[in-house]
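Respectively, the protein sequence lines represent chains A and B. With numbering that gives the first Met the number 0, letter number 57 in the first sequence gets 56, and the count goes up by one each step, no holes. With numbering that gives the first Met the number 0, letter number 20 in the second sequence gets 19, and the count goes up by one each step, no holes.
Warning: the hint list may mix true and false statements.
Okay, derived cross-link-like pairs now, DSBU-like style, lysine-lysine, Cα gap no bigger than 30 Å in a straight line [stated by the list, open to error]: (1) A:332 x B:52; (2) A:337 x B:52; (3) A:48 x B:52.
Each pair of labels, with its calculated beta carbon distance range [as the list claims (entries may be wrong)]: (4) B:17 x A:331: 33 to 39 Å; (5) B:41 x A:375: 47 to 53 Å; (6) A:103 x B:17: 33 to 39 Å; (7) A:319 x B:41: 23 to 29 Å; (8) A:103 x B:41: 16 to 22 Å; (9) A:111 x B:17: 34 to 40 Å; (10) A:38 x B:29: 50 to 56 Å; (11) A:87 x B:41: 44 to 50 Å; (12) A:320 x B:46: 32 to 38 Å; (13) B:43 x A:135: 19 to 25 Å; (14) B:43 x A:320: 35 to 41 Å; (15) A:359 x B:46: 50 to 56 Å.
Because the hints were derived from the structure by calculation, they are not lab data. Since this is a predicted model, take the numbers as computed values, not measurements. Glycine included, C-beta positions come from ideal geometry on N, C-alpha and C.
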Amino acid sequence: MIDLLVVGGGPAGLVAARVAAECGREVLLVERDPAIGLPVRCGEGVGSKGLEEFLDPQNGAAPWISRRITRVEFRSPSGAVVRVGHGDVGYVLDRSRFEPVLAEQAVAGGASIRVGAEVTGLERDGAIWVARINGDERVRARIVIGADGVESMVGRWAGIDTRVRAKDMESCAQVLLDDVDVDPETIVLHFGREIAPGGYAWIFPKGPRSANVGLGVVALRARRNAMAYLDDYIGTAFPTGRRGSRTVGGVVVQTTVRSSVADGVMLCGDAAHMINPLSGAGIVNAMKAGRLAAETAVEAIAEGDTSARRLGAYHDRWMHVLGHDHERFYRVKEALGKFDDQFFDSLACSVNAIPEDKRTLRRIFYAALFQQPALLPVIFRYFA
Amino acid sequence: MNRPAPRATQIAIVDAAVCDECGLCMPLCPPGAITMHRAGLAIDAVTCTGCRKCIDPCPVGALAMVER
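Generate the whole structure from the sequences, applying the supplied hints.
Next comes the structure, spelled out in structure tokens:
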């Protein structure tokens, strides 16, 4: 029997496996796909501060980084441009290399990793979980960490409600475009009902002339599927761009599941809806959750109590670190969703009235509120 | 008296040639009728209630309703 079975080899699972193994626990991580890091199903943008808690980006020179980002550009529906940030904004990762580095660290810490290993069932045997791997093989573990993504089955098997309402699901599509004119240090977020209803389009540079170009839509507000919206957007914004690999996926823009634990089970990352519901960002959240889950698992095993009650400490810690912030962001998202394109166009004008080097979030908030009293309910919901 | 729920007249099906296996539809399915396997996405025709919640969100339009 092993101490910890981690299901899923993304950022959440790999960090959880490393942290628990470094504490001397016997850890097995299983990944369904034949390789760690592939396929990439992600825009790959990440903030510098959160990332640096886990890996050193070497100011952008690390081989798992595609671009260092110094600026964010918001485009309003009519095309008005608002630029924010100078200096350290973040990075666009190369996740096909990023996850393998996390995996190396986990293995160096003492964890075992198996790829091409799919958990096909999970059953309780007393205080132990018995996982079926690839149909007939069985692994017994004291604790199972479900880091198995938006499609989480671990949560379902453990009786955790991971269902999502349609209004809280962003349907995303992305194409890697080559031969395009992009600012290689700027990420672009483009809003508008015709471009990406309920979400936004993004341009994340991957190289001097290449970028992840994608968008997310909320199906209830959309007339077509996400890929159809993306085809239109690329046709308008990058008519001569050369299309490389394409990917699609779901981003849950909700708050954390009500309980991310069950007896002997903890859910991390996308599996527990630990995504910033305003931005759709989830990589750093997933790593932070993986670390918290592993720390709680190590304590619980040492105490010989892996009950849901004991593991609930993980959920509480997560809510304290980020979960409650996500609840505030969710209220803002709901409030902003009531405004139309015209509102965002005039908001862009208000923000542009602030000198670029003075655009802190607080100043934007106040200036925007001063000129857009309609924002009051948004700010009220943020602090409510 | 317990009567079985009336069976849906329409159910969801997946076009495996179009499906990208992203798993987006799985948490949207109220009865959990959608599962992922090595062979691809599977929708359990017995569990599916025909609610349509999975149809429009599919980013590539791989899901459709058919008469049972």
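Exercise. Does 19 to 25 Å hold as the CB distance between residue 43 of chain B and residue 135 of chain A, or does it fail?
Worked result: 22 Å, holds
Problem set entry | Cβ distance range 50 to 56 Å for residue 38 of chain A and residue 29 of chain B, holds or violated | 28 Å, violated
For this session: Go ahead and decide if the range 34 to 40 Å is satisfied by the Cβ distance of residue 111 of chain A to residue 17 of chain B.
Result: 37 Å, holds
Exercise. Is the hinted range of 32 to 38 Å satisfied by the C-beta distance from residue 320 of chain A to residue 46 of chain B?
Worked result: 37 Å, holds
Problem set entry | Given pair status - residue 52 of chain B, residue 48 of chain A, alpha carbons within 30 Å | Violated, at about 38 Å.
Problem set entry | Distance restraint hint 47 to 53 Å, applied to the beta-carbon atoms of residue 41 of chain B and residue 375 of chain A | 48 Å Cβ-Cβ, so the 47 to 53 Å window holds.
For this session: With respect to the beta-carbon atoms only, verify the hint that residue 359 of chain A and residue 46 of chain B lie 50 to 56 Å apart.
Result: The hint (50 to 56 Å, Cβ to Cβ) holds, given that residue 359 of chain A and residue 46 of chain B are roughly 51 Å apart.
Exercise. Going straight from one Cα to the other, do residue 332 of chain A and residue 52 of chain B come out at no more than 30 Å?
Worked result: Cα-Cα ~22 Å, so holds.
Exercise. If you draw a straight line from the CA of residue 337 of chain A to the CA of residue 52 of chain B, is it 30 Å or shorter?
Worked result: 22 Å, holds
For this session: May I ask you to test the hint 44 to 50 Å on the CB atoms belonging to residue 87 of chain A and residue 41 of chain B?
Result: Distance hint for residue 87 of chain A, residue 41 of chain B holds at roughly 45 Å.
For this session: Mind checking the hinted window 33 to 39 Å against the Cβ distance between residue 103 of chain A and residue 17 of chain B?
Result: 36 Å, holds
Exercise. In this structure, is the beta-carbon distance linking residue 17 of chain B and residue 331 of chain A contained in 33 to 39 Å?
Worked result: 35 Å, holds
Violated hints for the displayed structure, listed by number in ascending order: 3, 7, 8 and 10.
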